[in-house]
Amino acid sequence: MTEQYIELHAASAFSFLQAASPPEDLIERAVALEMPAMALLDHNGVYGSARFHTSAQRNSLRAHIGAEVSVSSFGPRLTPPAWLPHQHNNEPTRLPLLCASRIGYQNLCQLITQFKMRESTKCDGAATFDDLGQYASGLVCLTGGDEGPLAAALTHSGETAGRETVEQLTRIFGRENVYVEVQRHQEREEEWRNQAAIRIAHSLKLPVIATNGVRYATTYEREIHDLFTAILHHVELDQAGRLLAINSQRHLRSAQEMAALFRDVPGAIENTVHLSSRLDFELSDLGYEFPLYPVPDGETMDSFLRKRVAEGVERRYGPKNNPGLMARAKKQVEHELALIAKLGFEGYFLIVWDIICFCKRNDILVQGRGSAANSAVCYALEITAIDPVEMELLFERFLSESRKEWPDIDLDLPSEDKREQAIQYVYQRYGELGAAMTANVITYRGKSAARETGKALGFDEDTLGRLASLVGQWEWRGATDTMAHSFHHAGFDIQHPRIAKYLELSMRIQDLPRHLGQHSGGMVICQGQLNHVVPLERASMPGRTVVQWDKEDCADLGLIKVDLLGLGMMAVLKDCLELIPEHYGERVDLAQLPQDDEVYRTLQQADTVGMFQVESRAQMASLPRNHPDRFYDLVVQVAIIRPGPIIGQMMHPYMRRRQKKEAVTYPHPSLEPVLKRTLGVPLFQEQLLRIAMTVANFSGAEADELRRAVGMRRSWERMKNLEVKLRAGMAANGIDLKTQDTIVQNISSFALYGFPESHAASFALIAYASAYFKVKYLAAFTCAILNNQPMGFYSAAVLVKDAQRHGLRVKPIDVQASDWPCTIEHESDGSLSLRIGIGYAKSLSRFAADALVASRRSEGLFRSAEDLAQRVPSLNRNELTRLAQIGALNQLDSIRHRRDALWQVERAGKLEGPLFRRDSESLREDSVALPLQQMNIEERLVADYAGTGLTVGKHPMYYRRPELRRSNILSAQELRTRRDGEQVRVAGCIIARQRPGTAKGFIFISMEDETGIANVIVTPDLYERDRSVVTRSRFLLVEGPLQNQDNVIHVKATRLTVLSDRALEVQSHDFH
Amino acid sequence: MSQPAEIYACIHATEFPAQALLRLRPELSKQPCVVMEGEPPLQQVCSLNRRARALGIMRGMTQVEMDTFSGVSVLRRSLSEEAATKAALLECAGGFSPRVEDRSDNTAFLSVIDIAGTRALFGSPETLAQNLLHHIRALGITASTAVSSNFHAAVALAKGLPAQTAKVVPTGEESTALASLPLTVLDLNAQQAEIFSLWGIRTLGMLGALPEKELIARMGQSGKRLRESARGEMSHLFLPLEPAFHLTERMELDSPVEVLDALLFVVNLMLDQLIRRATARILALASVSITLTLEGGATFTRTVRPALPSDDRQLWLKLLHLDLDAHPPQAAILAVTLDAEPGSTSKVQLGLFSPQLPEPSRLDVTLARISAIVGDGNVGRAVLTDTHQPDGFRMEPFSVPSSEPSESPYPPLRPAMRRLRPAEAAFVTITNERPITFVFRDRRYTVEYAYGPWLTGGEWWSATLWGCEQWDLVARAQDGAILCCCLIRDLLSDQWKMVDLYD
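Read top to bottom, the protein sequences are chains S and H. The numbering of the first sequence is numbering that gives the first Met the number 0, which starts it at 0 and goes up by one. The numbering of the second sequence is numbering that gives the first Met the number 0, which starts it at 0 and goes up by one.
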């Protein structure tokens, strides 16, 4: 009989920097070794268990779950003896615990949560005997390897102490749940402990069990393990000494190897199989219960939800005065409620409804997005703003009976404060153990990998900084954008053995977990018993707790979550809703914005800087073609400029049909109702579902399974089965083979689609609102968007220039008028203007700025620089200089220009003490003449950009225009008058560079001048030749043929030249 | 007697690392050249000639960036050539006046000569400046020279002048002469540079024109000094170069010496001189290097450095004697040079209750004797290092222990083990990767019990990687004798060694 062995003590890279292989690699290796089951015991948590479980399931392996828990009561873990030089710290011993049953798992989660949450900050923590005693039931305990309590006791105090330790464990866990563990890593020191352990086991009649204390899948990964050890202890590998592993034997070993190693220990190998058979628990048996929502007496959650929905339907559909729609809505709601009740999701909907109610009570703008917008119930509960009945959205995309996954509701909130308020409400409502953020596993990426590996290999900081700055940041990566290339560019000789090793290690640790962070908005909610399901721990942000699984893990295991996401544009809209009534005297209701021709005209002209979702280069390039003139066009617009439609070659056919250059056809006549809205081109996930339902008689649930199979890259096998079924269905409906191929091709290219139709509709709503506000209330919109930077595609400088081109007067920072945020001012002619806020002055503290504003409000305007410095002592010298430099002091009485202000603040920043000041006569400055010259235009521009990042004066290109005109260089505006194909020269200031993943290495540059924005296309060849010009220059001269197709204008660059700053200097001097 | 009027000549040579190298490589000077410094592969351009700058090369560029330029000669920085060039330039300056102040920095040569009272010897300042330029040019260096009665004006002007020009500023016209120069000729710190840049002050003239009192109110005394410098009014305390204090004695021997005693007789006299010179400055000798010029042109150098500086001639002689005894020169000696480093004579104060220690000088002699026998680096105390590598240790010089030794760290009751040093060769037969028989010290043993292999390995990231397996064996010889031992196999060289015998 061949031996069987099951590894019951393995750690994955989710023991953060203490083990080297991801769970998937461990499973892969176990499969190769024909191991029928395996256990994962990560340090103080079950971080990797979800991925371990999922991967094991996929490979038909049994995944046992457990953890290696730090226990402080056993004293410190084994370290080298004091007489040997070493750098080990005192850490508590670690006890390997395996979950035998669901109770055991729940106890493990509670145990870890208990000692983790006992700490006030994010840290490892350790359990005590009391904790273990409290949660011992259902857990099986091993005595551990080097890190365990037995090894520590044997080494520190001998065999008697070792026996006492094991007896202590039997008292806690029960005799039948303690296994004396032996590991053999071919280390001499380990062996005498093993012999002692075996004697103890015999004397106490406990089973001996062999494990390998696995830290990596194969011996090769020992290098990663050593590297991680060095990173963890902040030492260089050369200095790490005994911290590093003594050899590379902690890999997954085969049954034959283990049997040979433990031939002299009877039962050690057999016991692994025996214990494995005792471990009933698997993660699929989580015992997670749907959260409950407390309802008033006499109500059930179902009846309570029905009432809230019924009220909502009246509120939402009543004002629409459309009896047919109302009837359809009621029917749809009834259908949804029945399914919700059947699946037991009432609590979930009520919880989300409750959050919405909280936001409304507290004046927080909130809108649901994602597939929830397919649900009429969500619309009625005001979770979403899109009417799915009117838009005929497909509910099955959101919720279907056969889905094992919970519905996922994403809520968009104005970023930062308001979102935090909502999150804290959820914590407070559901208790510390009832709600937590989902984790975000921070993994090694190009930069962090190169930096930390470099540090461990002893490279100096400067060199590492240089390298990190060169690691590519583009979305699209060409053949030369490899890490090796970056290394070469940073001046490394990659033939050098140590540097070759550096490069190799940097690449090998890519994507391995580094530490656990918290997801920005994902919350898991579970009515007070979340700690039964997954351990919770403190996040580094105070007042936050986080579960040990990330978003995907939670979804894989069916945990319910609500995403509270920060969306900058929501904050802008919210600010607009306050600014518009205040300054324009008009009331606006986001839900009732009129469909306005002027707004659509602006969209058609791609004049969309600052507008949500439609402002990017690619969006601008497609807007004139799409020519949106109603809301649904905008829904398509938001969805179509995505990698999916572009790669799936949907974008161009749609655009051609939209422009009536191509006839609208359907793959099959039966699909006309499904695809009519998108001119016969499938664009949305809902359409995919409907296609499958229509042509192959799939049920809603089956169709959704198909969508999910397509969406997951790894599920080719599942996809194949479904394709067979799909084709069979189509054949049964008499669809010919060629059409079948077309339909299958259409469906396959959905693989990378980002958006369901409902999601696009939710976003389109925000996009329309942003466009409406920008067109109708430019001052309010610009003010709001400047106060919510950074967000969107363009910098504040571009937004200001764009607003100015649209006729808004923008006024500079002025200590006599500016508040911290930007504000709207009323001009004498009745128009509105925008005042830049002091917040835009770089490196000025909020505290000092608030003190300045408070002083101005209470004591009136400042009289001089000295008066300012005295009244606002919190303004330091640098801050005064900054204000003077950007012209914010120019309105003070005694100041004539910026240099004058600089001269005065340098004095005002160094005032004498009060005693000395009494003798004011001797301090008086002799000369009243101003010794400094006024700044010239160029100096003012430089000061503006350096000090605020923007200028409210003329665009820098304006000053160069005469010179440019002489050289026959066109402005962005003039490009519009030129013919397609004409050779042109255009120059501007680069405001955006993009290398999208779908563009095959092409680079898109947006250049701004005083007349607008010009678009430039750079081919990969040209980029290779002029890489530094493309990536580093600020002002650029481009030559090449003009492309003007359907009013979409590009210059295809054939030559790029840097416009030197010196030319600007010369030019500006010409003006004096 | 009236003080002669102050007058200074300043020499300024930019891109000194490049100039120092190209001086002796005239064939390169017509083409673009850069000088790189730093450890490969992380070198950076530290200096370059005009033709290289014209190509767009800048300081701080890396090797890879340099690779993108073709036809550029790349040289490595040579501090020794720079030192030699600098010495030549200073010597040239010294030819005009003994009072020379050196103000060179990392990449530029700058020195100022006090030429007061030299008119009779070298002619007018104009003539002197031209001559100076001419002499420097003859050394292969391009520089600028400026003459002014104000030290700082001369410096600023020399820095601001184009290469190969000389300028003399008449007394009283410093301010005018300096007015058009950029602020970079003054040594501004980052903060001052930032303030002036904010103020739009770009030239010395603009700086000099600022009102003094107001400037002091803003920038303090440093502002005043900068303003005076800009106007050529700043006074200066001249710090002439002093000859360095070198403790060196050299003697050419009349005939080649082969006997050490004869040499030591000479050395004794030289040591006496060195110690006299050192004690005159209340110093002692910290180390002495003896350099012997041998027949055939070779040189032979030994350095002796006792624990404490000493002025005991007998001690030095003894130490040198022992050292040379242990490392005798391989040919007859033609000349001998002694270089000594001076050191402080202060004594180490020992605690009242510290254990009695041998006198340092006698201990040094004893250690030197031992060292002469066992070899350098083999004397001292062995200290374990933080590594898994077997036998990982280093030698440390003996030192006075700073704390009480801790109680015996070795746990009792371990079997005794005899370490073989060095490890002895063994010839091992293996089956199934386990040793079966071996030959050790010409006897053949059959393994009865084998425990292992114990595996260790490390430093996989560098060229010093190592790995070995160890076996604890109980083996029996043909005559029935039992041997308990430890065999080690170096995994890199696949060699077996006997390292331990167990009792």
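Please note that a few of the clues may not be correct.
[Claimed, not checked] Heads up, simulated DSBU-like pairs for lysine-lysine below, C-alpha to C-alpha not over 35 Å straight-line:
1) S:Lys841 x H:Lys212
2) S:Lys330 x S:Lys359
3) S:Lys500 x H:Lys496
Hint data in this document are derived by calculation from the structure and do not stem from the laboratory.
Against the structure, the hints:
Proximity of Lys841 (chain S) to Lys212 (chain H) is assessed by CA-CA distance (about 31 Å); at most 35 Å being required, the pair is judged to hold. With a C-alpha separation of about 28 Å, the suggested pair Lys330 (chain S) and Lys359 (chain S) falls inside the 35 Å cut-off, and the hint holds. Distance check on the hinted pair: Lys500 (chain S) and Lys496 (chain H) sit about 31 Å apart at the alpha-carbon level, within 35 Å; holds.
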